[in-house]
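Trainee: Construct all of the structure, not just a fragment, from the sequences and the given hints.
Chains E and X, in that order, are what the protein sequence lines are. 1 is the number of the first residue of the first sequence in the numbering used here; add one for each residue after it. 1001 is the number of the first residue of the second sequence in the numbering used here; add one for each residue after it.
No lab work stands behind these hints, which were simulated from the structure alone. In this text the structure is predicted, and so the values were computed from the model without any measurement. Please note that a few of the clues may not be correct.
Unchecked claim - Under the rule of at most 20 Å between Cα atoms (straight-line distance), these lysine-lysine pairs were calculated in the PhoX-like manner: (1) 1095/X - 29/E; (2) 1117/X - 60/E; (3) 1098/X - 29/E; (4) 1137/X - 1095/X.
As the list claims (entries may be wrong) - One side only, chain X facing chain E, incomplete, derived with CB under 8 Å: (5) 1092; (6) 1112; (7) 1116; (8) 1122; (9) 1165; (10) 1191.
All C-beta atoms, glycine included, are put in the ideal place defined by N, C-alpha and C.
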Amino acid sequence: MSEDHSGRIGAIHRELHSHLPSAPELRVKALESLLVEKGLLDPNTVDAWIEVYTEQIGPKRGAEVVARAWTDPAFRDRLFADGTAGITELGFEGWAGGHLRVVPNTPAVHNLVVCTLCSCYPHAVLGIPPNWYKTAAYRSRAVRDPRGVIAEFGDAIPDDVEVRVWDSTAEVRYLVLPERPAGTEDWDVARLARLVTRNSMIGTERDLGRLVGRG
Amino acid sequence: MDGIHDLGGRQGYGPIDVNEPPEPFHAPWEARLFGITRAFTRPAMFSIDLFRHVRECIDPAEYLTRGYYDQWLLAYAVLMVDAEAVTVEELATGKSAKAIPNMPPPMTPAKVATLTKAMSRFDRESDTGPTFAPGDKVKTIPFGSSGHTRLPQYARGREGQIESFRGVHTLPDTNMAGDGPAQPLYTVSFLAADLWLGAAGRKDHVYLDLWESYLERA
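Mentor: Below, the structure written as C-alpha cells:
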C-alpha cells in the first residue's frame, strides 16, 4: 500500500471518530440499519452466525481433535502431517483452518500460541477467541515472558522443559496438542475430550492431570 | 508500518484477565457485530491484508482502549468509505442516502451451515522453489516498511534457523488488492536468548512464519 493510501485511511479513521455515535452499541445499530437498507445484509443471517459460533463451533471441536489424537496413533500421524486434512476428517474444516499445524507438548516441550501483530486464531477448532488473547497484555508478553504468562494462568513450566512460542505472523494457524494425563488409559474419546480445556490448546495451561479426578 | 499493533515484547500492559467468563461474547453488541461481519455482502474487495492494515491505522490510543469488535467495526467502516460504497454521514445516521447498484441479494440464513466450512488458502502454485532449506541459518532484514508487513519489530535484524518450508504464500506487503505476488514462506526458529536479555541460559524458542524477502542468509 502506498503512503498516500495509508494517509487516506488515517484521515477516514479520524473523520469517523468525530462523527460516529460514541457508544459501541449505537455504532453497531447504525451499521446494521445501514447495511440492511443498502441491501447488503439480512438480519436473520446475523442471528444464524451468532448461533453457530455460540452453540456449535467452539473449543469442544478442538477437544475432540485432541482426544482422537490421544487414542488413535494413525490419526495423530495424519494430523501432524497435515492439520487441515486431519480436522477435515472430523468435519471440522472452516474459518482459518486452511493451513493448520498441530504442535504437540511432550515431557520435554511446552508450546504456546500467540498473534503479536493482530489476533490470528484457529477459529474452526477453537471458535471465538477469549478477549485476553486479543489484548495488548497477552500479545506483548507471550513472546517475551511465556513462562510468566503461563504462571499467571496457574501452571509452572519446569526449568528443564523447553518453551516454544508460535507467533502466528502468516496464515498458518497453530493448535497445541496437550499431553494426555496419567490415569486415563481406559477412557474413551468422549470422556477424554471433556478433560481438554481451551487454554490447554492455546498453551496457557499445561497440566490437565488435575482434572482427571473430576472426569 | 511501525504502529501500535506491533505489540510483541512491549512492556507495561499489565496483567492478563485470566478469570474472563467463558462465554464467547461479553455484550450483545459484540455478538451482533461479529454476526454482521460474517453475514454482510462486501461492496468491494477487501483482502485480509488490507483489513489488517486498516485496523493497524486506528489511532494508537483508540487501538489500546476500544473493544476488539469495535475495532472490527471501525475497520469495515473505513474500508467501505474508502471504497466509496458508503459515506461517513450514512454510517453515523444508519440511513442510506444512495443505493449501491448491481449488488446480489444478501446472504440468507440457509447458506450459513455451508459457509462455516469454507476455508481460504493462501498458498499458490509456483515454479519458484524455496531458496532456504530446513537447518539453514538466516538473518531477518533490519527495517520495517511504512505499509503493511508481517515482520514484527522484535524479530528484525535477528539470526534464526529455517525450521520448515510452508509453501509459496501470497505476500501480505503487496496483497492489498488480494491478487498480489506470492513468495516462499518459512517457519523460522529463534532462540529466545537471541531476542530477549531475560531469556539467557534457557533453550526456549520463538517461531515466526516469515516470507523469503524478510530473510537473508546468515
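Trainee: Is the hinted pair residue 1137/X and residue 1095/X satisfied, with a Cα-Cα distance of at most 20 Å?
Mentor: With Cα atoms ~57 Å apart, residue 1137/X and residue 1095/X exceed 20 Å; violated.
Trainee: Mind checking the CB of residue 1191/X against every CB in chain E and telling me if the closest is under 8 Å?
Mentor: 10 Å, violated
Trainee: Let's test the interface hint: is any C-beta of chain E closer than 8 Å to that of residue 1165/X?
Mentor: 12 Å, violated
Trainee: How about residue 1092/X: closest beta carbon in chain E under 8 Å, or not?
Mentor: Because about 4 Å separates residue 1092/X from the closest Cβ in chain E, which is inside the 8 Å limit, the hint holds.
Trainee: Hey, does the residue 1112/X contact hint survive, CB to chain E under 8 Å?
Mentor: 4 Å, holds
Trainee: For residue 1098/X and residue 29/E, compute the direct alpha-carbon distance and say whether it is at most 20 Å.
Mentor: Between residue 1098/X and residue 29/E the Cα gap is close to 19 Å, so the pair holds against 20 Å.
Trainee: Take a quick look at whether residue 1095/X and residue 29/E sit within 20 Å of each other, Cα to Cα.
Mentor: 11 Å, holds
Trainee: Any CB of chain E closer than 8 Å to the CB of residue 1116/X?
Mentor: Holds, because the Cβ-Cβ distance from residue 1116/X to chain E comes to roughly 5 Å (cut-off 8 Å).
Trainee: Against chain E, is residue 1122/X within 8 Å by beta-carbon distance?
Mentor: 4 Å, holds
Trainee: If you draw a straight line from the CA of residue 1117/X to the CA of residue 60/E, is it 20 Å or shorter?
Mentor: 16 Å, holds
The structure fails to meet hints 4, 9 and 10 from the earlier list, while all remaining hints are met.
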